[in-house]
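Spelled out from the first residue to the last, the chains are:
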Amino acid sequence: MMVLSGDPPRSRVLSIVLIVIIAALAVTPLVFPGAKAMNVATKICIFAALVASYDLLLGYTGSVSFAHTMFYGIGSYSVAIALYSMGPGWAAVATGIVIGLPLALLLALAIGLFSLRVEAIFFAMITLAVASAFLVLASQLSWLTGGEDGRSFQLPELLRPGTVLISKGVFGFELNGRVLTYYLIFAGSAAMILALLRVVNSPFGRVLQAIRENRFRAEALGFRTVFHLTYANCIAALVAASAGMLNALWLRYAGPDTSLSFAIMLDILLMVVIGGMGTIYGAIIGAAIFILAQNYLQALMSAASNAAADAGLPLLPGLLHPDRWLLWLGLLFIASVYFFPTGVVGRLRSIGRKPS
Amino acid sequence: MTELLSLAGVHTHIGRYHILQGVDFSVAEGQTTMLLGRNGAGKTSTLRTIMGLWQASAGRISLHGRPIEHSATPDIARLGVGYVPESMAVFSDLTVKENLVLAARDGPLDDARLEWIFGFFPALKRFWLSRAGALSGGQKQMLSIARAIVEPRKLLLIDEPTKGLAPAIVVALIECFAEVKRRGATILLVEQNFFAARELGDSVLVMDNGKIVHRGEMAALASDVALQERLLGLSLETHQ
Amino acid sequence: MTDLAASGALPKPKRDVLPVLLPVILALAVAPLIGSASSWVTLTVASLAMGMMIFIMASGLTLVFGLMDVLNFGHGAFIAVGAYIATLVLLPLAPYVQADSLLTNLAVLAPAAVLSMAVSGALGLVVERLLILPVYGQHLKQILMTTGGLIVAEQALYALWGPQIIPLPLPTSLRGSFIIGDVVIAKYRLLAMLVGLVVFAGIQLVLNRTKIGLLIRAGVENREMVEALGYRIRRLFLGVFMVGSGLAGLGGVMWALYREQVHASMGNDLTVLVFIVVIIGGLGSIGGCFIGALLVAMVANYGGFLVPKLALVSNILLMVAILMWRPRGLYAVTSR
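Protein chains in written order, with this note's numbering: chain U, 10 to 365; chain F, 731 to 970; chain S, 34 to 369.
One chain only, chain U, in its complex shape (with noise of 0.2 Å):
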C-alpha cells in the first residue's frame, strides 16, 4: 500500500490483469529471450511510463498537450547525441542525463507559464506548434541530430549484448548486457510510475483534480492555478524525457520516426484513452494492449491486405495494407474515446462496484 502511495487498483480484475502484465514483463528475458519479445516487453514497460507522464496531464489536469513526443525526443536525442560525440562510456551517459533534463524542464516551464495562462485550447494548441517547430529543427540541423537519419551510437560496455555476465548456468539462462539493460529500463519505468502515483495521490495531485474540475472554483479558493498545471507540466516533461533516454539506451539510436514523429503523440492519446484517463494504472493497461495489437495485428492486416488483393476486391487491399494502420488507428480513436471514455480501468472498476 505504501508503495501504490494508497491509491490501489480498486477492482479485482484489474489487480490480476496488472499482476499478470507486470509479472509477463518482469520474466521476459527468462522465457522468451528472442529478439521480438524483448522488444516488445521493452517497449511497453518504456510507454507505460511516457503514457502514465501523459496521463498526469491529459487525465488529471485535463490539458492536451501535443508536445509530449518532443520531451521524449529531448530525452532521446540527448543520450544519443552524448553516447555519439563522447564515445562509449558512463561519463557520456551521465552527460546526456545533465543537459537533457534541464533542458526539458525549461522548456516545460516556458511553454507552461506562456500558454497555461489563458484557456486549454490555447496550450494545446501552443504545444502543436512548438512540437512541429521542434521536429523541423531536429531533421534539419543534421551536423547536430544527425537529420532524418538520426544518430546511432556504442553503449558502455557493460550495457553491450555481448558483454556476459552469468553464463548460461544451471538455469539455461544467460545475464548478459542486454538483459541487464532490460531490466534497468523495467526497474527505471517502474520507478517512474510508482513516483507519478505518489504525485497525484499528493496534496498537490488533489489540487490538480479540483483545477480540472473547475478551474475559476479553484481559484477562487485560493490556488494559483497556472502555477500548479506548470509543475504539473515539468513533471510529466521530466518522466517523458527520462523514458526517451530509456528508449535511446535500448535501441541504441534516436531519429525522428522513433522518438520525435506525431504518430508515436497519437500512439500515447490512443494509449491513454484506451487504458483509462486520470488512474495511472491505465498506462500500463494500455501501453500493453497497444503494443501487443501493433505488433502481432500489423502482421493480420498484411495477410488480410494480401488477401482482398488476391480474390480481386476493389479498395480493400489500400485500406488494410499495412501502412494503412493509422487510419485503423484513427478510427479507433475516435470510437474510444466518444463510446469508451473512461477506458478499461475505468470499465474494470465499475463493474467491480456495482453488478448493473
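Worth flagging that the hints you see were computed from the coordinates, not collected in a lab. C-beta: ideal position from N, C-alpha, C; glycine also. Fair warning: there could be bad hints in the mix.
With a cut-off of at most 25 Å between alpha-carbon atoms, the simulated DMTMM-like pairs for lysine to aspartate or glutamate come out as follows [to be verified]:
| id | chain 1 | residue 1 | chain 2 | residue 2 |
| --- | --- | --- | --- | --- |
| 1 | S | K244 | F | E845 |
| 2 | S | K244 | F | D805 |
| 3 | F | K855 | F | E828 |
| 4 | F | K855 | F | E909 |
| 5 | F | K855 | F | D840 |
| 6 | S | K244 | F | D840 |
| 7 | F | K884 | F | D823 |
| 8 | F | K827 | S | D49 |
| 9 | F | K893 | S | E257 |
| 10 | S | K342 | U | D158 |
| 11 | F | K855 | F | E845 |
| 12 | S | K244 | F | E881 |
| 13 | S | K244 | F | D836 |
| 14 | S | K342 | U | D266 |
| 15 | S | K342 | U | E157 |
| 16 | S | K174 | U | D158 |
| 17 | S | K244 | F | D823 |
| 18 | S | K244 | F | E828 |
| 19 | F | K827 | S | E257 |
| 20 | F | K827 | F | E816 |
| 21 | F | K884 | S | E257 |
| 22 | F | K884 | F | E828 |
| 23 | S | K244 | F | D841 |
| 24 | S | K174 | U | E228 |
| 25 | F | K884 | F | E799 |
| 26 | F | K941 | F | D754 |
| 27 | F | K893 | F | D938 |
A short list of chain F residues far from chain S (calculated; beta carbon distances all over 12 Å) [stated by the list, open to error]:
| id | residue |
| --- | --- |
| 28 | H794 |
| 29 | A802 |
| 30 | L832 |
Please build the complex by placing chains F and S on the supplied structure of chain U, with the hints as guidance.
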C-alpha cells in the same frame, strides 16, 4: 382571468446545486406580476428556466396551456416570449439599429412602433448608429428592453431592469412597462426596487430558497408593512 | 446628469489600429535591411499572396471558434481534401490547363475550385454531425475527436490516392511573371492576392451588411441571447462550419497550385500554420486572422531572405512576440 404562464413543481439543478426546489405559480394574462425576493432566492433562475436557458430537471411549465419545459430556447422565444436578462446582454459590437434589426425577427423594423419606443427612450434615436458597447448602463438597459418590445410579444420576462439606474431612468422604464401592458402584453418582472414594484405590479410573488413563499395582490403587500418586513426584510422607509 | 436628457455625441470608442499598422510597419522596417527595392517589392508581393492564401484557409477556423467555442483540430483535413478534389478535375483536363489561353485555363480552374469547396463543405457537414455535435461543449473530447478525424482523413487520402506526391502544374497563362523595370511579380501571386481580397471583402460584407452576418457577430458575443431572441444558433453554426470548411478547401486548391503539388500530409502541415495565424489574430477575430496571416507570411518571406536559418522557427518566434505583447492575440474577441 386566464392563465398565460404556469409553473408546477419546477426543479432546476445547476451542477451539484439544487437551485429551484419546486416552484409553483401562474401568471394571469394581461397582468404585470412582480417576482420579489432576496438575492439568491432563485428569481433569475426561474426566468432562465422558463426561457429554456436552463433545463428544468422536474416539473411542468406551460404557456397558453402548451407544455414548454422540454422546448429549446429559440422555440420558446418564437411562441411570443421576450426576455430582458439581468446582464442586459446587448450586442456591444453591433449598433443600436443592428441590435433592433436582429430583435425584429418577423421582418423589417416597423417605423410606427419604433417612434413609440423612441417616445420612452429618446437616447436610442440619438445614438441609432452608434455601437451599443459605447452606450451608458442606462442606455443599454433601454436598448435591451426595446429589443424585447420591438415586435409585439405575448409575455415579457424582465430581470431587474432598474438595478443601478438613475431615478429619472427608472421613471421612464416604469412608464414604458405600464404602456406595454396597456397594449396587451403580460409581464413577469423581477425587481428589487420596491418603489417600482409597487407602481407596476398587479400581483406579486415572493421567493425564498428556490420556492414561492407568498403570492397575492401587489396592493395588499404594499399596504402591509409587517408582511413586507417578514417576507422581504425591508420596509418602505429605507427603499424610497 | 441623466441619460435621458443627455445630449451630444457618445464618447468615441477608441479604435484599436495598432495591429492594423503592424504589417505596414514590418514591411517598412525590413526595407533598409533588404537593400534593393526590387527585391523588397517582390518579397512583399510574395508575402501578401501567401498571406491571403493562409487567410482563406484559416478564416473558417477562427469563425467557428468565435461562434461556438469549437476548435476543430481537423481543420487541415479540409485543406488537403480540397487540393485532392481539384486534381480530379485538373489532371484529366490537362490539355485545357496547358492551353495558352487565360479564358480556357480559368474555365477549368473555376469548376475545380467550386467542386473542391463543395466537397470540403459537405465533408464539413459530416464532421460537424459525427465528431463535434456528440461532444459539444466538452473541450477535451472535442480536441481528441477532431484530432482523430484529421488522422483518419489523412490516411484515407493515402489509401485512395497513394502515398506519392501528385504534381499539379500551374495553368500556362498563370505561369511566369510580369516584369516592371527590375521588379519581378509572379502572375499566380497576383491572382492569389485577388482571390484573397475578394474572399476577405466577401466575408466582411456578409458580416456587416446581412442579417446572417449580424447574427454571427451577435452569436460570437453572446449566443444565449441570440437564442433568446428566437434564432436557432445551432443551424447557423452548422452553416458557418460548412462555409469555413469550403473556404479551407478553396485555400487548399490555391496552395496546391502555388506549390504545384498535392500531398496528403499538407493538411497536417498547414494545420500548424493556420493555428499560429489564428492564435496571433485572437481566437474568433476575422480581422485579426487577416493581419495574422499577413504577418506570418511576411516573417516567412523576409526572414527566409534575410536569415534563411531562422525561417524554420520564425513562426514560433512571431507567435511568442505577439503573445508577450497581447496574451490573447491581436484582437481578443470573446470574453469567454
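Verification of the supplied hints:
{"no.": "1", "hint": "S/K244 <-> F/E845", "in the structure": "holds, 22 Å"}
{"no.": "2", "hint": "S/K244 <-> F/D805", "in the structure": "holds, 19 Å"}
{"no.": "3", "hint": "F/K855 <-> F/E828", "in the structure": "holds, 13 Å"}
{"no.": "4", "hint": "F/K855 <-> F/E909", "in the structure": "holds, 19 Å"}
{"no.": "5", "hint": "F/K855 <-> F/D840", "in the structure": "holds, 14 Å"}
{"no.": "6", "hint": "S/K244 <-> F/D840", "in the structure": "holds, 16 Å"}
{"no.": "7", "hint": "F/K884 <-> F/D823", "in the structure": "violated, 29 Å"}
{"no.": "8", "hint": "F/K827 <-> S/D49", "in the structure": "holds, 23 Å"}
{"no.": "9", "hint": "F/K893 <-> S/E257", "in the structure": "holds, 21 Å"}
{"no.": "10", "hint": "S/K342 <-> U/D158", "in the structure": "holds, 20 Å"}
{"no.": "11", "hint": "F/K855 <-> F/E845", "in the structure": "holds, 9 Å"}
{"no.": "12", "hint": "S/K244 <-> F/E881", "in the structure": "holds, 17 Å"}
{"no.": "13", "hint": "S/K244 <-> F/D836", "in the structure": "holds, 12 Å"}
{"no.": "14", "hint": "S/K342 <-> U/D266", "in the structure": "holds, 23 Å"}
{"no.": "15", "hint": "S/K342 <-> U/E157", "in the structure": "holds, 17 Å"}
{"no.": "16", "hint": "S/K174 <-> U/D158", "in the structure": "violated, 36 Å"}
{"no.": "17", "hint": "S/K244 <-> F/D823", "in the structure": "holds, 14 Å"}
{"no.": "18", "hint": "S/K244 <-> F/E828", "in the structure": "holds, 9 Å"}
{"no.": "19", "hint": "F/K827 <-> S/E257", "in the structure": "holds, 20 Å"}
{"no.": "20", "hint": "F/K827 <-> F/E816", "in the structure": "holds, 21 Å"}
{"no.": "21", "hint": "F/K884 <-> S/E257", "in the structure": "holds, 21 Å"}
{"no.": "22", "hint": "F/K884 <-> F/E828", "in the structure": "holds, 23 Å"}
{"no.": "23", "hint": "S/K244 <-> F/D841", "in the structure": "holds, 18 Å"}
{"no.": "24", "hint": "S/K174 <-> U/E228", "in the structure": "holds, 23 Å"}
{"no.": "25", "hint": "F/K884 <-> F/E799", "in the structure": "holds, 18 Å"}
{"no.": "26", "hint": "F/K941 <-> F/D754", "in the structure": "holds, 8 Å"}
{"no.": "27", "hint": "F/K893 <-> F/D938", "in the structure": "holds, 20 Å"}
{"no.": "28", "hint": "H794", "in the structure": "holds, 16 Å"}
{"no.": "29", "hint": "A802", "in the structure": "violated, 7 Å"}
{"no.": "30", "hint": "L832", "in the structure": "violated, 5 Å"}
Checked against the numbered hints given earlier, the structure breaks hints 7, 16, 29 and 30 and satisfies all the rest.
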